[in-house]
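Whenever a hint applies, use it, and build me the whole structure from the sequences.
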Amino acid sequence: MCLAIPGQIERLIPETDLATADVSGVKRNVNIGLVSHEGIAPGDWVLIHVGFALSKVDEHEARASLEFLETLGEAFRDEIAAMTGAEGFSPLDTAERGGG
Amino acid sequence: MRFVDEFRDRRLAQELSAQIARLARPDREYRFMEVCGGHTHTIYKHGIQDFLPPNITLVHGPGCPVCVIPMGRVDDAIHIARQPGVIMTCFGDMMRVPGSTGSFLDASAEGADIRMVYSPLDALKLARKNRDRQVVFFAIGFETTAPSTALTLLKAAAENVTNFSVFCNHVTIVPALKAILDSPDLRLDGFLGPGHVSTVIGCRPYQFVPQAFQRPVVVAGFEPLDILESVRLLLKQLHEGRCEVENQYTRVVPWEGNTKALEVIRNTMELRPHFEWRGLGFISQSALRLREPFSNFDAERIFQVPGVRVADPKACQCGEVLKGVLKPWECKVFGTACTPETPIGTCMVSSEGACAAYYNFGRFTRERVAEAVR
Amino acid sequence: MTARPTREQQVLDRIESYRRRKTVLREERITMAHGAGGKATQTLVQALFLEAFRNPLLEPLEDQAVFGVNGSRLAVTTDSFVVSPLFFAGGDIGHLAINGTVNDLAVSGARPLYLTAGFILEEGFATADLERIAKSMARAAEAAGVAIVTGDTKVVQRGKADGCFINTTGIGLFERDIQLGATQVRPGDAVLVSGPIGDHGITIMLARGELELVSQLTSDTAPLHGLVESLLSATPSVRAMRDATRGGVATILNEIAAAAGVAMVVDENAVPVRDEVRGACEILGIDPLYAACEGRLVAIVAGDAAETALRAMRTHPLGREAAIIGSVREDPPGLVLLKTQFGGTRIVDLLVGDPLPRIC
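Chains as they are written, first to last, in our numbering: chain A, 553 to 652; chain B, 13 to 386; chain C, 133 to 492.
These are computed hints drawn from the structure, not numbers from a lab.
Straight-line alpha carbon distances no greater than 30 Å define the calculated DSBU-like cross-link-like pairs of lysine-lysine that follow:
1) B:LYS57 x C:LYS171
2) B:LYS339 x C:LYS471
3) B:LYS272 x B:LYS137
4) B:LYS141 x A:LYS579
5) B:LYS137 x A:LYS579
6) B:LYS137 x C:LYS292
7) C:LYS471 x B:LYS248
8) C:LYS471 x B:LYS57
9) B:LYS57 x B:LYS190
10) C:LYS292 x B:LYS141
11) B:LYS190 x B:LYS272
12) A:LYS579 x B:LYS167
Simulated restraints on C-beta separations:
13) A:SER588 x C:LEU180: 49 to 59 Å
14) B:LYS344 x C:VAL346: 47 to 57 Å
15) C:ARG264 x B:PRO318: 48 to 58 Å
16) C:ILE162 x B:PHE294: 35 to 45 Å
17) C:PHE185 x B:ASP194: 49 to 59 Å
18) C:MET164 x B:SER195: 36 to 46 Å
19) A:ARG563 x C:THR440: 45 to 55 Å
20) C:ASP145 x B:ASP194: 28 to 38 Å
21) C:SER216 x A:PRO594: 31 to 41 Å
22) B:THR348 x C:ARG264: 50 to 60 Å
23) C:THR248 x B:PRO318: 44 to 54 Å
24) A:LEU624 x B:HIS286: 37 to 47 Å
25) C:ARG264 x A:ARG563: 31 to 41 Å
It should be emphasised that the depicted structure is a prediction, and the values quoted were computed from it without experimental measurement.
All C-beta atoms, glycine included, are put in the ideal place defined by N, C-alpha and C.
Here it is, written out as structure tokens:
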């Protein structure tokens with residue numbers, strides 16, 4: 553019930569509520585009946601679950617989420633570099649070392 | 013893979029991990045429950061616990077709609093599958109869930125025609141191609157999957173595919189959450205909300221959690237960065253003395269949910285007065301059944317299932333393990349009557365259930381594993 | 133390291149002692165899981181077949197048996213092919229039947245020489261299809277440098293065989309004085325794979341049609357004796373080789389780790405996987421590590437020979453995308469660990485049966 557994967561709409565199949573979606577080169581027809589009211593066009597990304605598009609992927613929001621995470625990181629990057637030197641570190645090191 | 017790989021970025025993960033370690037007060041324990049089977053899977057698959065300090069534990073909740081199906085319902089489905097001319101179709105997840113006399117895999121070995129499908133639409137297609145057979149679809153899942161079953165039913169009705177029916181075992185997430193929260197020995201500090209259920213029901217239904225139970229909820233996506241960011245947001249709420257529902261999975265979850273999806277569910281299904289959850293007992297208004305106008309497609313009515321209730325053995329303590337009250341090894345039947353080969357409750361049925369995981373790997377401490385990969 | 137509370141340790145000890153008890157077959161009927169190459173298959177082989185047939189040559193339970201005859205060392209192996217559909221992108225059951233057995237011989241270090249071919253045919257099966265299969269087998273045998281020297285044909289009634297089942301038994305000759313096998317593996321060794329994993333398994337899954345997924349993927353079925361030869365010529369420090377078939381790379385590594393009493397640590401980022409295999413696996417919720425291959429080999433070599441081995445494989449057409457994917461450690465014995473692409477750690481266990489698509 554949770555496994556849903558983003559796929560890109562290649563083309564709509566006329567006279568049906570189906571569209572061909574592509575996930576890394578693997579294609580499947582998906583039913584877009586649950587999202588068609590939002591307007592689906594080739595090139596759009598949708599979240600696919602058991603052969604149905606559940607939601608449109610908001611590319612703007614996706615980019616915003618990632619950019620936000622990047623800015624969060626900026627403040628800490630120097631500190632991390634100082635803590636670990638050039639090599640980088642295992643996540644456990646940070647977890648155990650951290651804590652305020 | 014777009015919208016997947018970016019959210020598995022190692023560098024961002026390390027930064028988030030550092031942030032989380034900062035926010036977590038060293039003098040206390042934090043227990044966050046993730047309700048969704050998909051979250052449990054991501055956490056195991058990517059080893060996310062490694063990115064959290066030792067005082068933060070992610071507790072796996074009852075969010076596996078497959079594992080909570082009680083034995084009696086599996087028995088009912090096998091009863092249907094054994095009727096002459098029936099093709100039973102189901103998702104792969106169902107094949108190994110034990111009923112009282114065996115699983116679908118065992119029933120198939122004994123001659124029942126049971127086939128795996130990826131989508132309910134594939135089951136409908138099978139029905140169109142095999143007009144002389146009765147094709148039954150074993151529908152499972154939370155509100156994420158119910159709209160797909162609903163649309164399939166509407167199609168079947170519109171095209172008059174009379175040899176197609178649905179054995180409906182859809183369950184709803186909110187009553188399960190309430191059941192967990194109503195426990196007197198609750199030891200949870202917050203929830204990672206089920207991201208994909210929320211694409212359908214939106215974020216509003218979780219407001220009772222902060223309002224009535226004073227626990228924050230962050231609706232979380234399924235990639236590793238989503239989960240870490242959601243933990244960070246939960247910690248931030250606790251840190252700042254806030255308690256509310258937040259949406260981390262904004263790229264896919266609309267606050268109001270998907271009205272079309274909710275409409276098709278309402279059109280075809282209604283809530284059962286109560287439904288038994290393996291390991292959690294009877295929960296009211298927690299499951300869906302087909303509405304009267306679709307009774308011609310309701311496998312329960314067509315096949316007159318025995319509906320025998322197979323009680324969870326009294327000794328089953330899944331409820332407490334699910335609520336985070338007991339650790340797997342503290343359950344009285346863990347490792348004796350209840351093993352991965354002979355599972356009793358939901359925690360052992362799923363290979364990622366807390367008990368199954370502990371049974372297989374509990375002897376390896378985190379330190380030993382960390383040492384091995386250094 | 134924190135010491136465990138006594139009661140918890142008692143529970144864990146009890147589980148350990150159950151684990152060490154003799155394997156018992158609980159099921160009354162064979163299920164599909166018994167043929168998948170995972171835990172259920174292991175239990176069946178150990179509790180039923182090994183019990184019935186036990187002898188020193190069988191006990192190592194490698195993919196082939198090695199024995200001496202009048203001063204020569206021979207390897208023998210057998211494999212049955214029941215794939216459905218019979219014809220798929222990249223090959224057919226005939227190619228599998230030859231390459232599968234050739235590969236089981238090649239990975240022991242022997243030169244594959246002769247094959248037998250036994251057919252179980254379903255009444256009604258098209259002779260044109262059978263001819264097509266036979267031609268594929270002939271071509272594959274020629275490419276592998278083996279001859280099909282004897283065989284058998286049986287026909288069963290309609291419905292009792294999926295068109296055509298094939299069994300091939302192969303004999304190979306050791307031309308080198310080498311002993312390969314899981315027992316040679318030791319901490320410090322490197323783990324290599326000869327190319328992208330999961331191509332065959334996913335191609336077949338998609339070819340079945342019920343999933344309605346379409347891609348350009350083809351099966352990776354190929355004879356590996358040439359690649360093996362390149363590797364063995366390049367370095368004397370090869371410890372063990374296996375061809376990754378049913379159960380995928382994860383199953384091979386678990387089997388070797390258990391037999392050798394070592395741990396394996398694999399770097400997920402280093403494992404080659406084609407985009408389409410990844411895409412299909414993400415859609416279906418399957419881990420590529422468990423997806424079947426039919427023309428990929430896993431090689432364990434001494435740590436200091438890893439780069440040489442890699443170069444040798446990459447010079448061969450079937451090994452162009454070979455990669456070093458991990459290493460062998462001492463502890464915890466029998467465990468396969470994965471450094472995930474994300475940077476965390478996860479244990480890679482044997483599956484009970486076939487990897488099944490999931491929605492959850």
